[in-house]
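These are the residues of each chain, in order.
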Amino acid sequence: MAMAISAALRDLQQIAKNHQVRKKYTIQLGENELVLKELDLLKEDANVYKLIGPVLVKQDLAEANANVRKRIDYISAELLRVYKRECKTYRPGKLKHNVVLKYYIFSEE
Amino acid sequence: MAKGTVTPMAGMFSVEEAQRAAQKMQELISEEEKRLQQLKDFIADNNSLINLVRKLPDELHHDIMVPFGKAAFFPGRLIHTNEFLVLLGEGYHAERTAKQTIDILKRRGKALESNYNALKMEVQNHKFEASKFDDMAAEVAEGLVEITEEYVEENSAEAASVSDTPGFSEANNMKVVSDSDDDFSRIMSRMDELEREELAAESNVECFDGEEIGNDSNYQHSLDAKNLEVMEPPQWPKEKNAITEALSRKSHEAEGVTDWLTMQLGALKGGPAPKGATLPGKAVQHNAAEFNHKEKALLLPEVKEGVSPVPRPKKEVGVPASKSETSNRESFTGSIVEHTSHVGTNAFTGSVVEHPSNVGTNVKERATSSSQAFTGSIVEHSHNLGTDGRVEATSSSQAHCWTSMSNTGIHSDDEEMAYYWTGE
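Each protein sequence line maps, in turn, to chains A and B.
The working numbering applies: residue 1 is where the first sequence begins, and numbers increase by one.
The working numbering applies: residue 1001 is where the second sequence begins, and numbers increase by one.
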């Protein structure tokens, strides 16, 4: 029983870690979408600068748009991948088992 | 006769559990409130920034003290007062005029506001849940008892609330009724009278007199045995006297009662036999008894089957208090079933506890509302809620409570977990 509990605990920790990662990605995705929205509102000849380290580099509006879009696609793909991985490893059956143990642990604390 | 089990609520959820759950909710709430405060600060900063940006282009150049390094300033000039490099996010800056900058800032402010409002609603919900947990913990601490019976109309729940668990004898019932809450029992009896009047108006008076007397005064009878016998009618005469005044006073209630009756009759006709119905609050039992009696008077053969089905499966685990008690009610009569579909209070009414001082007021204020008055009267907690809308919200959150209890151990809100937990 103790072993099962520790295994479940490990699983739960993994799940929590996954959630952290997912949260981070979600926040980044949100920010990038905001940037894209603002970039779309800019006129063609507006100056866009990118802060790389201590340097402000002038960028082309079209280039900036493309970069931000690519980043958005990348982040959403990552998000999906992490989510799928979590679903696979912690499949429903196992998840249920985990939940029972989690509650057990919770009640033991 | 009365056969039932008395389960101390402390046995169902231990005191520590309830308290711990309440505590975790509190922690969650405090965290959320910190975040809420942070958002508020952001919004304030944004607004002051908008004001500044608005004022800058008023001059061609401003004379300012320019910060230099960590600890120095030197006098300087702020030129190009209409050109702003605005951070869009992810390291991207855009050159914009003051007006355009203000537009950007306003859009950001709107997004912040919507976040803030959403979080505020969340906090409110959690606060609500926490209060429910607190109430539950208090109940358990008081040593309240949940009484379950096999489809017998009882109102011995009151006895339980006093932390004794006498047997379910009729005498006990009567005693409990008279002992525990004078106000409440008086009001209930008036309501009973009213209902009786209604029924009398609709149906034969004979049935009314013959079979209802004892039933009304004593709330026990076994439907299975088709036993309409009367118990002691000590209260009967007193009730009868009060009928007229009760009637005149509660005409509004009578209307609701009539509606109820029709509903129940309809439900009864189709209701299959109940199994092991359990039974919660006194008032409900009382009312259920009333209805049962009336219906019996009207449809004797059907009454046997009249015990309403228990539509919802009883779950002992997970949502013990609320759900099992909901099913209690349903098993009672068709009327209760109908009721439960309307009222979310079932989740609460399971709590047998009645703080006498509150109950009286509850009943009074509920008496004026619609048919919900009957089950509503048992809900002592509801007076905290205030509105019916909130009550209904609670029922769903009550079911949710247990899932969140299991989840508060880890702050990851895994929907699947929640799902599987309630499936347990």
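I should point out that these hints are in silico values taken from the structure, not numbers from a laboratory.
Nothing here was measured: the structure is a model prediction, and the numbers come from that model.
Even glycine gets a Cβ: it sits at the ideal position worked out from N, Cα and C.
It cannot be assumed that every hint is accurate.
[Unchecked claim] Pairs of lysine-lysine, DSS-like flavour, derived with a Cα cap of 30 angstroms:
#, chain 1, residue 1, chain 2, residue 2
1, B, 1040, B, 1024
2, A, 23, B, 1110
3, A, 23, B, 1034
4, B, 1040, B, 1127
5, A, 23, B, 1106
[To be verified] The following residues of chain A were derived to be distant from chain B, with all beta-carbon distances above 10 angstroms:
#, residue
6, 3
7, 6
8, 24
9, 25
10, 32
11, 62
12, 76
13, 78
14, 79
15, 81
16, 82
17, 85
18, 89
Structure-based check of each hint:
1. B/1040 x B/1024: holds, 24 angstroms
2. A/23 x B/1110: holds, 22 angstroms
3. A/23 x B/1034: holds, 19 angstroms
4. B/1040 x B/1127: holds, 19 angstroms
5. A/23 x B/1106: This hinted pair holds, its Cα atoms lying about 26 angstroms apart.
6. 3: The claim holds: residue 3 of chain A sits with its nearest Cβ about 20 angstroms from chain B, beyond 10 angstroms.
7. 6: Correct as stated: the minimum Cβ-Cβ distance to chain B is 15 angstroms, above 10 angstroms.
8. 24: holds, 14 angstroms
9. 25: For residue 25 of chain A, whose nearest Cβ neighbour in chain B is about 14 angstroms away, the distance exceeds 10 angstroms, so it holds.
10. 32: Per Cβ check, residue 32 of chain A is inside 10 angstroms of chain B; nearest 6 angstroms; violated.
11. 62: Non-interface label stands for residue 62 of chain A: nearest chain B Cβ at 13 angstroms, farther than 10 angstroms.
12. 76: holds, 15 angstroms
13. 78: holds, 15 angstroms
14. 79: Answer for residue 79 of chain A: holds, closest chain B Cβ roughly 16 angstroms.
15. 81: Holds: least Cβ distance 18 angstroms, greater than 10 angstroms.
16. 82: holds, 13 angstroms
17. 85: holds, 14 angstroms
18. 89: holds, 12 angstroms
Comparing the model with each earlier hint shows a violation of hint 10 alone; every other hint is respected.
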